[in-house]
Amino acid sequence: MTKYFLYRLLQLIPILISISVLVFLMIHLAPGDPVLLLMGDEGTYEDYRRLQELYGLDLPLYQQYFRWVGNALQGNLGISIRQGAPVSQLIFERLGPTFELAIASVILATILGIPIGVLAAIKRQSFVDFFSMIFALIGVSMPPFWLGLVLLAYVSMNVGFFPMFGREGSIVGGLWIFLTSFNITPLYDGFRYLFLPAASLAIAMMAIITRLTRSSLLEVMGKDYIRTARSKGIGEKVVIFKHGLRNALLPVVTIIGIQFGFLLGGAVITETVFAWPGAGRLVVNAIIQRDFPIIQGGVLMLAIAFTLVNLLVDLSYALLDPRIRYQ
Amino acid sequence: MKKFLESKSAVAGVIIIGTIILTAFFADFIVPNDPYFINIWDRYLPPEGFGNDSNYILGTDDMGRCVLSRIIMGSRISLLVAGIATSISALLGIFFGAVAGFKGGRIDAILMRFMDVILSFPSVLLAIAIVASLGPGMVNAMFAIAIVRIPAMARITRSMVLSVKQEEYVLAGYALGFSQGRILFKHILMNSFAPILVVATLNMGTAIVVEASLSFLGLGAQPPTVTWGRMLAMGREAIRRAPYITFYPGLAIVLSVLGFNLLGDGLRDIFDPQLKKKG
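Chains as they are written, first to last, in the working numbering: chain A, 1 to 327; chain B, 1001 to 1279.
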């Protein structure tokens, strides 16, 4: 296991380097002169040179890259053009809400998706099966941000419990306050603001989990060891949950991990819809304002987070299934 | 063909996609109103359904334009952008995947690592970042969607080429002295066609969603061109007053994506009966 772990960590290095090169080139090979953009309509040639020097834009491209990476490794992602604050600070403040949203969606999708999938598999070709599969098919085809808009328009507008926009403190913070001072309001508020964006992101993932749980359980239930278990006279419930589901859930765990990574990307637009103060919305706003240091830093950090999440998924999968380690 | 008609989801998918393609093609003739005509006296008219005095079956938007007509017009951009992007990603993905699987060794390693780099970004985020650096617009959006979908095509092609490469009819091709190109294209790729087609079909659905996302953020085709994503963005501004403006264009997106997903699922069942038995 240690060997596999180290091997995967080493594999991370070239991927991280490539991500940084790609992000760097994407911004620097883009048409348009960032210095002219910074200056606006006024300014002299001397101003131009000074700004160019300040941002190191007069250096050769490879030197700019090393300078940028060197700074990034020390936690310095530059200064936001529009907001004047350090980019790393802006991003780290917003990674928390993004992860909170993604984790809440994963939890919601899992606790609903797996039971529905199991039910559909057990009651195969019944109405339950039929409707859950139709629902899953539509769920996969729905753009999450549109679902978010629909929830806003038809749920939030009619049910005062769910606010339309924004975020009021974190769930974890709210839980802490509740546990230390028995004040439930922050936790309650955190939940109210979190629910609709999390639900709109969760549906597509839930649909995927439902479909996969169903097909995986059906496959496992046809295996020899299930027949053996049944022939031993074990109750059907035990056969399904202990022998069947435990084995059927392995691929489901993988897909949950992979989907979690995608949620970080999909959250970009959902955050915009719900004015959720996350890293995705920061990047989108930066694009609108052409704030290049934030775009660069934000995309870099989200891609790294995505890669690390995927690595964690792979590692946990190897922990669950010894066969992976020896491949 | 008989197998195709037996697959309910494939048939349903074809019917949905066919309807949308016909709608897009004959959009000019079937729009009930001019989709670009601004009439400030008719702003935010609610949907009134059929058989009403009003011409606006799905209501009007913030500038009094007919929502239904705009949805019909918008189908063109969705299909066009998704179609071209999927074709580009299919061509490049099949090429990279085929070369990687066929040649193996260092070329394989380099090409597939490059695919891994693209995959190490969440795809929507990468598409947004690409368009943000190239500048908003329909062509750049197409390009960005094509790039993020290449790895899926390359991977499936590569895995098919790797398995077909060992078949006896391919070895027979070598024995007969055929050129590498002929063996790769005529023998290997022709026999890998089915799974590649399934992935390309499912890619169309994803491409439509990514296009809508880019347009929603204002990074896709620019006005006055009508896109579904942009209609959603405009509708969001008036979500309290006229929620239907966001509802119906989104429904069009769901329907088209559903069509391609149904067709993709159906094709997979047809090509791989083993899977269907399991499901």
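Please keep in mind that the hints were generated in silico from the structure rather than gathered at the bench. The model shown is predicted, which means the values in this text are computed figures rather than measured ones. Here a beta-carbon is modelled for each residue, glycine too, at the ideal position from N, C-alpha and C. Possibly wrong hints are sitting among the right ones.
[As the list claims (entries may be wrong)] Examples of chain B residues toward chain A, derived with CB under 10 Å:
hint, residue
1, Met1112
2, Asp1116
3, Val1117
4, Ser1123
5, Leu1126
6, Ala1129
7, Ser1133
8, Phe1216
9, Gly1235
10, Ile1253
11, Ser1256
Run through the hints listed earlier and report the numbers of any the structure violates, in increasing order. 1
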